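Starting from the known structure of chain P, fit chain E onto it as the hints suggest.
2 protein chains.
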Amino acid sequence: MTMDKDGKVIQFTGLVMTPDGKVVKLLKQGEKRPDKLDWRADMKGKVMLPGFIDAHGHVMDLGFRALELDLSGTKSLEEAKSKIAAYAAANPDRKWILGGGWNQEVWGLGHFPTAADLDAVVSDRPVWLSRADGHASWGNSLAMKVAGVTAKSVSPAGGRIEKTGALPNGVFVDAAQALVAKLVPPPLPRDRNSALLKAQEILLGFGITATADMGTTLDDWLAYRRMGDKGSLRIRIISYSSGVEPAIQIAGNGPTPWLYNDKLRLIGVKLYADGALGSRGAWLKAPYADAPKELGLGFMSDDVMRNLMSRAAMDGFQVAVHAIGDRANAEVLNAIDAMADTYKGDRRWRVEHAQIVDPADLPRFGKNGIIASMQPVHQTSDRGMVEARLGEARLTGAYAWASMLRNGAGLAFGSDYPVESPDPFAGWATAFTRMDASGQPFGGWRPEERISREQAWWAFTGGAAYAGYAEDKFGRLGVGQRADFIIVDRDPLLASPTDLRATKVQETWVGGEKVWERR
Amino acid sequence: MTMDKDGKVIQFTGLVMTPDGKVVKLLKQGEKRPDKLDWRADMKGKVMLPGFIDAHGHVMDLGFRALELDLSGTKSLEEAKSKIAAYAAANPDRKWILGGGWNQEVWGLGHFPTAADLDAVVSDRPVWLSRADGHASWGNSLAMKVAGVTAKSVSPAGGRIEKTGALPNGVFVDAAQALVAKLVPPPLPRDRNSALLKAQEILLGFGITATADMGTTLDDWLAYRRMGDKGSLRIRIISYSSGVEPAIQIAGNGPTPWLYNDKLRLIGVKLYADGALGSRGAWLKAPYADAPKELGLGFMSDDVMRNLMSRAAMDGFQVAVHAIGDRANAEVLNAIDAMADTYKGDRRWRVEHAQIVDPADLPRFGKNGIIASMQPVHQTSDRGMVEARLGEARLTGAYAWASMLRNGAGLAFGSDYPVESPDPFAGWATAFTRMDASGQPFGGWRPEERISREQAWWAFTGGAAYAGYAEDKFGRLGVGQRADFIIVDRDPLLASPTDLRATKVQETWVGGEKVWERR
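Top line first, the protein sequences correspond to chains P and E.
Using UniProt numbering, the first residue of the first sequence is number 1, and each one after it goes up by one.
Using UniProt numbering, the first residue of the second sequence is number 1, and each one after it goes up by one.
To be clear, the hints were calculated from the coordinates, so they are not data collected in a lab.
Among the clues, some could well be false.
All copies of an identical chain are treated as equivalent in the list; a pair is satisfied when it fits inside any one copy or across any two copies.
Unchecked claim - Simulated crosslink set (BS3-like; lysine-lysine; CA at most 27 Å straight-line):
#1 K81 with K367
#2 K8 with K22
#3 K230 with K344
#4 K22 with K230
#5 K514 with K473
#6 K263 with K83
#7 K75 with K230
#8 K28 with K145
#9 K163 with K145
#10 K473 with K25
#11 K230 with K473
#12 K182 with K28
#13 K473 with K5
#14 K198 with K182
#15 K263 with K230
#16 K182 with K25
#17 K285 with K504
Since the structure is predicted, the reported quantities are computational estimates derived from the model, not experimental observations.
For reference, chain P alone in the conformation it holds in the complex (with noise of 0.2 Å):
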């Protein structure tokens, strides 16, 4: 089954496509299969859907995360120094340990970790470890010894390095990360290599076969293209440059053209308007309920995102900016209304996360043809900290997925993996649900911003293509796109949400070849 190009599902019993994978035809119960067998598998009867797009993710980031130590599963400091050890023990050749997925919120913490902490198990190499979020990292003596941090060091503008009386204790927020994070050794092209195939394989597992790339550097882009040319390039890159001027130095003008049959393409800019909510990055109109002197950090004035989106615009690329907070919402929204004028025709200018909106400010994503970019799962997995954060009263316009459809903003799902696990079923469980894994909260958290079954499905497909100026190509089982389709174990439209989180990918195919399949 998959979704028509207005979003209205449709059953189908077989499915013809042409030698170099697009989709001939689509066959009806009842109606005649061709003669000649030219269908490359007999899917004997299986549920057959589109495959999945992530509309936000960090290709890179996965790979290489899942290729260094992996900190997201656990749940205590002491599970995750345990895990630290046997990792630097497994890899003595390592001469930085790296890694990340640490959150001390789940820990139970009440603090961010210290070096002292990291020092109890590795202290002959330095530690740099990063929390989930990425806002924020977490180094051992030896991180910050190298890197030339005393106490007489500053916060940089738009970081700050935590300490407790006067000495820096190990964690670094945001842009404080760089007085380290520049010593690290940096990966070889080889290295690279490895992690988009890693990356790649872990997408395509998922049922994912296309995907946003929100950030890539030069050295990303590099990696994907040498993959490309030698044909190893399987799943589908809608590429958003780190900043504006990777963008100019790799495509000049304007965007690529789409690469390798469609695989690949650089089409527009990240920006970052703020940090995140985890580190008290996020930019919010008025302070923060736990912190009450504190309101986030703009990562650049307004005058300089402006130019930065102007910049990106002229040239016709499309622009993807970062916003979490209520405050960098708004100066997002300001800045696009600015633009709107100069940069007439179809801009699809995407708001990224747009997780805390001022309710005031929701109905302004329905101007301009803005895209909410937003990712189903950070809401149950913020929820605890994000009522810390901000209290109960300032969440009305909070991961408000309903309220965007309805304002007639476009709407992307997206999982900002390896922030979260790339898994689309979560994402569409949680989309109509508001409740995580277990179930909680019964009824869901705040569940006037649910949105139907059908909607979720379009925002991960469908509209998620959209979004990247790709839905001439894919996003749908329609006549004339790729063929990128993926087989299941359930019929996801009538699963509990409970077993739409079960589902299992048995097979992924994009532009009619298998790419990946179950073992």
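This is chain E only, laid out in the frame that chain P set:
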């Protein structure tokens, strides 16, 4: 007509090719022509030759030079000054006046020009003009001021600030050029696109269908990819990266595949062992005859050069080392000797220019599969200068084309454009005469180093293809080769040297498509 893979001349009356532009068959005199008209063009008995391959050029420099102020035809400083003034007046929007091609030897000046000469014609904007050989640049006072060059400035390693008394006088040799060059605003990607297309147009107009690009930067490469992605790359580019870093960053663990139907490949790495003779940067075994205290400049220590060669070869990149002076050539030969046991197989070590070789070293070019990549026209341009720099006694191994072949070296010819014109007919005529366009010196300069007309042709076609690992793709018209050919207005095997130099290319075809036509 063409040569076969053994370098033998073959005459044919027609060429049959596949729809994707590969040669299927050469038709012999009297042989039945295909019934069906699957010919793309009736050449009406004109002379068809394989496209030329320039084994050593600088694609982007050619394009930029063509778009910038061109002083290469100037015969005096006064003529140059009036051209500079006219260009400045015609380009009021250019923030810097950039260009090159000057040669104080041609001007008969006897010394470098000065900043004061430039100030007399342009003083409101910085002026920065490179010497014909690229080994020196000439700026006005404003350029030096912008760069902060004063009487206190000291010459960097590998370079020299020319001074009058204690004061810098406007000319900067070799590495010293960077003092000012780093202040020149870099070209935008759109400027790079324009330069590439301009260079391509010029090269195709000379009948050059493939070229080595000696010193591709990352930004050059990104321009090649932009034009390749758009389908605008018409010429074939065999790319040698500017140093080791870009090769690894772009291609990772070894050369890229051939891209865009064999239009582009990064195959190797270009390194520099020394500078050039004109600016006395070439590294000699004994002092310059006209500067008895100078030996020229080794660009890097022996160890550094070997490390770089080794690092490139380790990942399977081809190594091409610029060596002009006899000392530099000896050092490169030593390095190849030292490396040959470690890096076995088909390595095709390239020595670029190999201009002045100690006769004792000449036989060493026949070992280890070395390719001498030489530029015939340099011999006629440099003749007077090289006699002054070296004196008569040291010219036995100078531009020793015949010795290279006799000793068993591979021989590939190019022009070093834009240092010289890319015109391959000039190079071809020079190679078997050792006389310049005006027939001087009568009988040829050191005529024992002439080679045959056919040997020279091969060095500009099949020999140049072999030098870039492309002999299975192009370089001659034979079954399975790409149909890269040109239509010319005379028979170059019968023409007198003077007539050969006057050959006009009428059409240029690459991969079976007409990509250039004389209008």
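We went through each hint and held it up to the structure:
For the identical chains of this complex, K81 and K367 are neighbours neither inside a copy (49 Å) nor across copies (59 Å), given an alpha-carbon limit of 27 Å. Taking the shortest alpha-carbon separations for K8 and K22, only the intra-copy value of 21 Å comes in at or below 27 Å, while the best inter-copy value is 49 Å. In the homo-oligomer, the alpha carbons of K230 and K344 lie at most 27 Å apart only across protomers (25 Å), although the nearest pairing inside one protomer, at 39 Å, exceeds that limit. Proximity of K22 and K230 under a CA criterion of 27 Å is satisfied in both settings, with 22 Å inside one chain copy and 22 Å between copies.
Within a single copy, K514 and K473 get their C-alpha atoms as close as 18 Å, which meets the 27 Å cut-off; across copies the closest is 32 Å, which misses it. For the identical chains of this complex, K263 and K83 are neighbours neither inside a copy (37 Å) nor across copies (50 Å), given an alpha-carbon limit of 27 Å. When the C-alpha separation of K75 and K230 is checked against a cutoff of 27 Å, the pair qualifies neither within a copy, at 41 Å, nor between copies, at 51 Å. For the homomeric pair K28 and K145, neither the shortest alpha-carbon distance inside one copy (67 Å) nor that between copies (77 Å) is at most 27 Å.
Only within a single protomer do K163 and K145 lie at most 27 Å apart by alpha-carbon distance; the minimum there is 15 Å, versus 46 Å between protomers. When the C-alpha separation of K473 and K25 is checked against a cutoff of 27 Å, the pair qualifies only within one copy, where the shortest distance is 15 Å, while the shortest distance between copies is 40 Å. Taking CA atoms no more than 27 Å apart as the test, K230 paired with K473 passes in both settings, with 22 Å inside one copy and 18 Å between copies. In this homomeric assembly, K182 and K28 never come within 27 Å of each other (Cα to Cα): the closest approach is 57 Å inside a single copy and 66 Å across copies.
Taking the shortest Cα distances, K473 and K5 sit within 27 Å of each other inside one copy (12 Å), while across copies they are farther apart (45 Å). When the C-alpha separation of K198 and K182 is checked against a cutoff of 27 Å, the pair qualifies only within one copy, where the shortest distance is 24 Å, while the shortest distance between copies is 40 Å. In this assembly of identical chains, K263 and K230 lie within 27 Å of each other by CA distance both inside one copy and across copies; the values are 13 Å within and 15 Å between. When the C-alpha separation of K182 and K25 is checked against a cutoff of 27 Å, the pair qualifies neither within a copy, at 53 Å, nor between copies, at 59 Å.
For the identical chains of this complex, K285 and K504 are neighbours neither inside a copy (42 Å) nor across copies (72 Å), given an alpha-carbon limit of 27 Å.
Comparing the model with each numbered hint stated earlier shows that hints 1, 6, 7, 8, 12, 16, 17 do not hold.
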